[in-house]
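*Asks:* Could you slot chain B onto chain A? The hints should help.
Number of protein chains: 2
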Amino acid sequence: MKIGIVGGTGDIGEGMALRLSPLFDVMVGSREPEKAEATCTMGRDVMKKRGGPCSLTGVTNQGAIDAADVVILAIPFKHVAGTLSTLHGFENKIVVSPVNPMEKTDHFIFVPPKEGSAALMIQKILPKEARICSAFNTIAANKWKALDEELNYSVPVTGDDAEAKKTVMEIVNRVSRFRAFDAGPLASSCMVESLTPLLLNIARYNKMRDVGIQFI
Amino acid sequence: MKIGIVGGTGDIGEGMALRLSPLFDVMVGSREPEKAEATCTMGRDVMKKRGGPCSLTGVTNQGAIDAADVVILAIPFKHVAGTLSTLHGFENKIVVSPVNPMEKTDHFIFVPPKEGSAALMIQKILPKEARICSAFNTIAANKWKALDEELNYSVPVTGDDAEAKKTVMEIVNRVSRFRAFDAGPLASSCMVESLTPLLLNIARYNKMRDVGIQFI
Numbered sequence: 001m002k003i004g005i006v007g008g009t010g011d012i013g014e015g016m017a018l019r020l021s022p023l024f025d026v027m028v029g030s031r032e033p034e035k036a037e038a039t040c041t042m043g044r045d046v047m048k049k050r051g052g053p054c055s056l057t058g059v060t061n062q063g064a065i066d067a068a069d070v071v072i073l074a075i076p077f078k079h080v081a082g083t084l085s086t087l088h089g090f091e092n093k094i095v096v097s098p099v100n101p102m103e104k105t106d107h108f109i110f111v112p113p114k115e116g117s118a119a120l121m122i123q124k125i126l127p128k129e130a131r132i133c134s135a136f137n138t139i140a141a142n143k144w145k146a147l148d149e150e151l152n153y154s155v156p157v158t159g160d161d162a163e164a165k166k167t168v169m170e171i172v173n174r175v176s177r178f179r180a181f182d183a184g185p186l187a188s189s190c191m192v193e194s195l196t197p198l199l200l201n202i203a204r205y206n207k208m209r210d211v212g213i214q215f216i
Numbered sequence: 001m002k003i004g005i006v007g008g009t010g011d012i013g014e015g016m017a018l019r020l021s022p023l024f025d026v027m028v029g030s031r032e033p034e035k036a037e038a039t040c041t042m043g044r045d046v047m048k049k050r051g052g053p054c055s056l057t058g059v060t061n062q063g064a065i066d067a068a069d070v071v072i073l074a075i076p077f078k079h080v081a082g083t084l085s086t087l088h089g090f091e092n093k094i095v096v097s098p099v100n101p102m103e104k105t106d107h108f109i110f111v112p113p114k115e116g117s118a119a120l121m122i123q124k125i126l127p128k129e130a131r132i133c134s135a136f137n138t139i140a141a142n143k144w145k146a147l148d149e150e151l152n153y154s155v156p157v158t159g160d161d162a163e164a165k166k167t168v169m170e171i172v173n174r175v176s177r178f179r180a181f182d183a184g185p186l187a188s189s190c191m192v193e194s195l196t197p198l199l200l201n202i203a204r205y206n207k208m209r210d211v212g213i214q215f216i
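If you're matching them up, the sequences are chains A and B in order. Each residue of the first sequence is one higher than the last, beginning at 1 in the working numbering. Each residue of the second sequence is one higher than the last, beginning at 1 in the working numbering.
Isolated chain A, as found in the complex:
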């Protein structure tokens, strides 16, 4: 399966690319393809030292979409609308949003767009043939990058297209010790996205780092 990461050189996208590279064909997208290629060169070095396979290819964000079966939007909420307005070709692609709309005052707070969640806003922006799911919302950038660490987390996945959601859950379940949970339709993504500012508050007020979640 071919996975394209829009924003693949960013904080979250880079770690995601490393973790996914031995498992899938991964296209690292960036506005600047040179930057994407640099991330891939670094990634190939890292994975070579670990003695494992590595499938990274550096491309533009548009190239990542064009080549992929599954597109992951690894971009901060504030850049989502602007970035998507420059891209096309999402029809019939599975599109995964790990995006969390939040703000920081003295604490972190969930601040959804008027659609109710980032995933629902993305659904409104993209063509109706795009098969949108939310996933990976609560996984910290540091954890994606800590390749020696087993990630024993629950990963809620939402979406309206049952087959797309099943595919995304299968992808989730192949990464480290992630366990995918069906969290319902895309309309319930707001409750998943608001987990992330909650976890950041838990970390902040309890002197912890990169807090994750398990459903038990």
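Hints are not guaranteed to be accurate.
To be verified - On the chain A side, residues computed to face chain B include the following (Cβ under 10 angstroms): (1) I109; (2) G184; (3) V192.
Claimed, not checked - Below, simulated BS3-like cross-link-like pairs (lysine-lysine); rule was C-alpha separation at most 27 angstroms, straight line: (4) A:K124 with B:K114; (5) B:K104 with A:K166; (6) B:K114 with B:K104; (7) A:K124 with A:K166; (8) A:K104 with B:K124; (9) A:K166 with B:K207; (10) B:K124 with B:K145; (11) A:K145 with A:K166; (12) B:K114 with A:K104; (13) A:K114 with B:K104; (14) B:K207 with B:K104; (15) A:K114 with B:K114; (16) A:K78 with B:K114; (17) A:K143 with A:K49; (18) A:K49 with A:K35; (19) A:K207 with A:K145; (20) B:K35 with A:K124; (21) B:K166 with A:K104; (22) B:K166 with A:K207; (23) B:K207 with B:K145; (24) A:K114 with B:K78; (25) A:K78 with A:K35; (26) B:K48 with B:K124; (27) A:K143 with A:K104; (28) B:K104 with B:K48; (29) B:K49 with B:K145; (30) B:K124 with A:K114; (31) B:K143 with B:K128.
Hint data in this document are derived by calculation from the structure and do not stem from the laboratory. Cβ atoms here follow ideal geometry from the backbone N, Cα and C, with glycine treated the same way.
*Replies:* Just chain B, lined up with the frame of chain A:
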């Protein structure tokens, strides 16, 4: 410490009363004191069979408030405003809200009041001297009642009064294997309350029961 449970004969309140009865002086409140006393008689039987102490006293909701240091509002969201309008004497009491404003369509969804959360609405209704925290939001009624079961859950606690929050966290940490986490000011309670409809969706769509949460 004296804990008063408003709605102590309800689904959540009854299990809470049983779990708390060996640890604290517990006043079970109800609109009908006879119903409260019936719950206490049942509770004393249950605890006697288990060979442990039991501190339950059946009173009116107002009696529970008047006698308590800490008042837990074990009432469904839809009854909160109406119930609180009939009660008084919250000044200087620690008031704990486990209340989750949510609705069910084909899935569960967080539907907060205009204040942003149930806890913030309660803060607005009660006198400003009431020391409001949110806690216990994600603990299912069945789990409160399953006295033979160790409850190995994380319990986020929010509040603006540091001393009150510390007391509530100490109460949380004495119950079964609960671990209290400071989740920030009362303004962040919306993100805790929205966990409960998320957990209900997780249970529903993954054929699980009474799903709880751990921060790791």
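*Asks:* Hint by hint, say whether it matches the structure.
*Replies:* Comparing the hints with the structure gives:
1. I109: Interface hint status for I109 (chain A): holds (7 angstroms vs cutoff 10 angstroms).
2. G184: holds (4 angstroms)
3. V192: Since the shortest Cβ distance to chain B is 7 angstroms, the answer is holds.
4. A:K124 with B:K114: holds (25 angstroms)
5. B:K104 with A:K166: Holds, because 24 angstroms separates the two Cα atoms, which is no more than 27 angstroms.
6. B:K114 with B:K104: Roughly 19 angstroms between the alpha carbons, so the hint for K114 (chain B) and K104 (chain B) holds.
7. A:K124 with A:K166: Cα-Cα ~22 angstroms, so holds.
8. A:K104 with B:K124: Distance of about 24 angstroms is within 27 angstroms: holds.
9. A:K166 with B:K207: holds (16 angstroms)
10. B:K124 with B:K145: Not satisfied, since the Cα-Cα distance of roughly 31 angstroms exceeds 27 angstroms.
11. A:K145 with A:K166: It holds: about 25 angstroms lies between the C-alpha atoms, which stays within 27 angstroms.
12. B:K114 with A:K104: holds (21 angstroms)
13. A:K114 with B:K104: holds (21 angstroms)
14. B:K207 with B:K104: holds (17 angstroms)
15. A:K114 with B:K114: Satisfied, since the Cα-Cα distance of roughly 15 angstroms is no more than 27 angstroms.
16. A:K78 with B:K114: Holds - the C-alpha atoms of K114 (chain B) and K78 (chain A) are around 25 angstroms apart, at most 27 angstroms.
17. A:K143 with A:K49: Given that 27 angstroms is the threshold and the Cα spacing comes to 19 angstroms, the pair holds.
18. A:K49 with A:K35: holds (21 angstroms)
19. A:K207 with A:K145: Holds, because 21 angstroms separates the two Cα atoms, which is no more than 27 angstroms.
20. B:K35 with A:K124: violated (52 angstroms)
21. B:K166 with A:K104: holds (24 angstroms)
22. B:K166 with A:K207: holds (16 angstroms)
23. B:K207 with B:K145: holds (21 angstroms)
24. A:K114 with B:K78: The given pair, whose Cα atoms are some 25 angstroms apart, holds under the 27 angstroms limit.
25. A:K78 with A:K35: holds (21 angstroms)
26. B:K48 with B:K124: Violated. K48 (chain B) to K124 (chain B) sits at ~41 angstroms, over the 27 angstroms cutoff.
27. A:K143 with A:K104: Status holds; Cα separation ~21 angstroms.
28. B:K104 with B:K48: Since the Cα atoms of K104 (chain B) and K48 (chain B) sit roughly 39 angstroms apart, the hinted pair is violated (cutoff 27 angstroms).
29. B:K49 with B:K145: Satisfied, since the Cα-Cα distance of roughly 15 angstroms is no more than 27 angstroms.
30. B:K124 with A:K114: Within the cut-off at roughly 25 angstroms; holds.
31. B:K143 with B:K128: violated (33 angstroms)
The structure does not agree with the numbered hints 10, 20, 26, 28, 31 stated previously, though it agrees with the rest.
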